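With chain A's structure known, arrange chain B on it following the hints.
2 protein chains.
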Amino acid sequence: MKIRGNGIVAQSGGPTAVINNSVCGVIQAWEEQGNAGRLYGAMHGIKGVLEEKFINLSAQSRDIVEGLRHTPGAALGSCRYRLQEEDYLKLLRIFQKENIRYFFYIGGNDSMDTANKVNRLALQEQYELYVIGIPKTVDNDLPFTDHCPGYGSAAKFLATTVMETSIDLKGLLMSKSVTIMEVMGRNAGWLAASTTLARRSDDDGPHLIYLPEVPFKRERFLADVETVYREMGHVYIVASEGLVDENGEYIFAAKSRDSFGHCMLGGLAETLKTMVEREVGIKVRCNIPGTVQRAAAHCASAVDAAEAYMTGTEAVRMAARGCSGIMVTLVRDGGEDYRCLPGSVELGRVANIEKKIPLDWINSAGNGVREQFIHYVRPLIQGEVSFPTRDGLPHFVYLEALRQRPLVGETR
Amino acid sequence: MKIRGNGIVAQSGGPTAVINNSVCGVIQAWEEQGNAGRLYGAMHGIKGVLEEKFINLSAQSRDIVEGLRHTPGAALGSCRYRLQEEDYLKLLRIFQKENIRYFFYIGGNDSMDTANKVNRLALQEQYELYVIGIPKTVDNDLPFTDHCPGYGSAAKFLATTVMETSIDLKGLLMSKSVTIMEVMGRNAGWLAASTTLARRSDDDGPHLIYLPEVPFKRERFLADVETVYREMGHVYIVASEGLVDENGEYIFAAKSRDSFGHCMLGGLAETLKTMVEREVGIKVRCNIPGTVQRAAAHCASAVDAAEAYMTGTEAVRMAARGCSGIMVTLVRDGGEDYRCLPGSVELGRVANIEKKIPLDWINSAGNGVREQFIHYVRPLIQGEVSFPTRDGLPHFVYLEALRQRPLVGETR
Numbered sequence: 001m002k003i004r005g006n007g008i009v010a011q012s013g014g015p016t017a018v019i020n021n022s023v024c025g026v027i028q029a030w031e032e033q034g035n036a037g038r039l040y041g042a043m044h045g046i047k048g049v050l051e052e053k054f055i056n057l058s059a060q061s062r063d064i065v066e067g068l069r070h071t072p073g074a075a076l077g078s079c080r081y082r083l084q085e086e087d088y089l090k091l092l093r094i095f096q097k098e099n100i101r102y103f104f105y106i107g108g109n110d111s112m113d114t115a116n117k118v119n120r121l122a123l124q125e126q127y128e129l130y131v132i133g134i135p136k137t138v139d140n141d142l143p144f145t146d147h148c149p150g151y152g153s154a155a156k157f158l159a160t161t162v163m164e165t166s167i168d169l170k171g172l173l174m175s176k177s178v179t180i181m182e183v184m185g186r187n188a189g190w191l192a193a194s195t196t197l198a199r200r201s202d203d204d205g206p207h208l209i210y211l212p213e214v215p216f217k218r219e220r221f222l223a224d225v226e227t228v229y230r231e232m233g234h235v236y237i238v239a240s241e242g243l244v245d246e247n248g249e250y251i252f253a254a255k256s257r258d259s260f261g262h263c264m265l266g267g268l269a270e271t272l273k274t275m276v277e278r279e280v281g282i283k284v285r286c287n288i289p290g291t292v293q294r295a296a297a298h299c300a301s302a303v304d305a306a307e308a309y310m311t312g313t314e315a316v317r318m319a320a321r322g323c324s325g326i327m328v329t330l331v332r333d334g335g336e337d338y339r340c341l342p343g344s345v346e347l348g349r350v351a352n353i354e355k356k357i358p359l360d361w362i363n364s365a366g367n368g369v370r371e372q373f374i375h376y377v378r379p380l381i382q383g384e385v386s387f388p389t390r391d392g393l394p395h396f397v398y399l400e401a402l403r404q405r406p407l408v409g410e411t412r
Numbered sequence: 413m414k415i416r417g418n419g420i421v422a423q424s425g426g427p428t429a430v431i432n433n434s435v436c437g438v439i440q441a442w443e444e445q446g447n448a449g450r451l452y453g454a455m456h457g458i459k460g461v462l463e464e465k466f467i468n469l470s471a472q473s474r475d476i477v478e479g480l481r482h483t484p485g486a487a488l489g490s491c492r493y494r495l496q497e498e499d500y501l502k503l504l505r506i507f508q509k510e511n512i513r514y515f516f517y518i519g520g521n522d523s524m525d526t527a528n529k530v531n532r533l534a535l536q537e538q539y540e541l542y543v544i545g546i547p548k549t550v551d552n553d554l555p556f557t558d559h560c561p562g563y564g565s566a567a568k569f570l571a572t573t574v575m576e577t578s579i580d581l582k583g584l585l586m587s588k589s590v591t592i593m594e595v596m597g598r599n600a601g602w603l604a605a606s607t608t609l610a611r612r613s614d615d616d617g618p619h620l621i622y623l624p625e626v627p628f629k630r631e632r633f634l635a636d637v638e639t640v641y642r643e644m645g646h647v648y649i650v651a652s653e654g655l656v657d658e659n660g661e662y663i664f665a666a667k668s669r670d671s672f673g674h675c676m677l678g679g680l681a682e683t684l685k686t687m688v689e690r691e692v693g694i695k696v697r698c699n700i701p702g703t704v705q706r707a708a709a710h711c712a713s714a715v716d717a718a719e720a721y722m723t724g725t726e727a728v729r730m731a732a733r734g735c736s737g738i739m740v741t742l743v744r745d746g747g748e749d750y751r752c753l754p755g756s757v758e759l760g761r762v763a764n765i766e767k768k769i770p771l772d773w774i775n776s777a778g779n780g781v782r783e784q785f786i787h788y789v790r791p792l793i794q795g796e797v798s799f800p801t802r803d804g805l806p807h808f809v810y811l812e813a814l815r816q817r818p819l820v821g822e823t824r
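Chains A and B, in that order, give the protein sequences.
Going by the numbering used here, the final residue of the first sequence carries number 412, and the count climbs one at a time with no gaps.
Going by the numbering used here, the final residue of the second sequence carries number 824, and the count climbs one at a time with no gaps.
Bear in mind the hints are in silico, worked out from the structure with no lab data behind them.
Note that the structure is predicted; figures quoted are calculated from it, not measured.
Treat the hints with care, as some may be off.
Calculated pairs, DSS-like style, for lysine-lysine (alpha carbon to alpha carbon, straight line, at most 25 Å) [to be verified]:
id, chain 1, residue 1, chain 2, residue 2
1, B, K529, B, K509
2, A, K283, A, K217
3, A, K53, B, K588
4, A, K176, B, K465
5, B, K588, B, K629
6, B, K767, B, K629
Chain A with its partners taken away, still in its complex shape:
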């Protein structure tokens, strides 16, 4: 079956180092279909559709399209926007006017919810539209897929830098003997847990890993730090930004005043630092890479980049076969060597569910992970992505129509 009519691809949510691989996959698979309609990129996700801000992806140069494979960030622009009731009619009219028959939406949980709504709208209005979700999130919290494109590269970067900074810490004979690395992950600890790959001997960091899956206990934490410090002379801690206490309250928000009535502003790392410095009396240094971890294309995983690309090509092929209302998934082959094959799941089953680390993959002390997790994550960070450089820095590409500045009014 051939593609008939035009298509839209768009990106939503926080970008990753490899999200543009999926766009590239969609563009190249679309071209492969032959005699196909036009493929548009909607700028800034579903908002760009509603505002009819399209660029013609079929008209982009081959070099730019290929360059997407090593360019981080959302090349089409991203958004966080929840579709409103009043948007539906507008959306349908735009699809009709432009003869849009294919809608590819690259994103995480919220984006799959949006794609699901678009699909239901089309069904309800009997408008022929093929809607395919393409998974993307460094948080790795989408259900029904072995893992999410974007995760492996962020994990590789974090494990690499934890390895490097753990060596840095080990060499010191100074006052700052505790390093706390605050890692992304509001409700699931996949990224924090991945840093365990940096450990190659007992004294390598991270020595302690705290995950949102395990309620954080202050006394337990302080005891852990003291134990490692006595044994090693230094402590490397990795913590998910989204740690919660037994009542489910975020640690960094809950502890806005300590036992002395002092204010404790700042994020999680700063909160833990203050605890350790006041209660254990050891100096702490915080590393908070922030968006660096999700944008680190210079340290992307080849496996991750290839899978991000594959989910894009598969989305087009599935749509061409007449599928709709599904998200492409990665299905791990059970064989000796790691391999993931494409699969699919209904959008309605994915939307708004967060996949957490299975509790039996976490150690009994709640401060590290077990072998099952390592077996799961190790294949995802394999291989390097080569990229062209210019003057000693990566040479990234921009889609032609997006070279201009975004309109200021929209970003407020």
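Then chain B, alone, in the frame of chain A:
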């Protein structure tokens, strides 16, 4: 002239991504001297000398020595220790006992002060000792050398990640429209300034760079942020951790309470974030890479790594020629193509002086740098360092005697 007697090499201060290149250079040049005495590594700098914690570097395997060229951190261990009067006699006795005739000290300002004291002690006591300082600091603040080994690699990593996170920021259409990257540099802005290399078009970040060389003015800063935000719709700010106000007080310390009497804990980025969110009303996200920036061997500059190695080999050659009491320097050749040749300067002239960015390399608004700075820094980040990997991560080496854990008592 041949090397006669034994030698010590040691590392001090904060590590860098390429500091072990200098150790490798010392080891390999020492071997080249032929019929030479033994080369010891003192563990944890001058403290290791005083505690007679030596390892025999001549006995290390070739693979480990060569592996130092891509391994970050201080492979010999580092320290921050100011020599006391009572240490001098002890030091001299240890040198005599072990027949130490060469002392190579790799470090920054304080380390050069230590090396200078050791040299003066030997002269005073008429003990034949050749003392050579080898420059190292990501801060790039040593005088009399064009730049310092370690700086180029940290600059390359920071420029790369600012480029990546600036693309990440540009793609967003969300609430967090300001990114603040806090960069190392307590008194000199060389690292913060280097991120200007990430700019390849007008809308690329960083849009605003704040350096310790320019007194920070709150009102001016807020006006800068508003101006860029109105023009671009987003703002990428890079700030040195050591920003000071007109009275020379650190911004992050001085502003412990804001105009509302609220506590403002945390470092510089958190302080600036609070200012922008309260006064301009735009959401801010902070990236604080911390030790990640100085340990990022996976993104080291080939030029920097080669120069770090060269300062090590030159130190041995200068000592073999009978020089003492000097630090190896890098002297930029004035030619069309970038090249640095080795030079030297007396240790006494280097110690305790910090080199700052020339004020005429900073723009008149005090929020960015001029072409002269770019011309200076660009050659220092060129080229990549290849490194072996294992299971998707770098394969770093450890010197044989340092595989054990450090003694806990010492690190408190």
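So, against the hints stated earlier in the document, which numbers end up violated here? none
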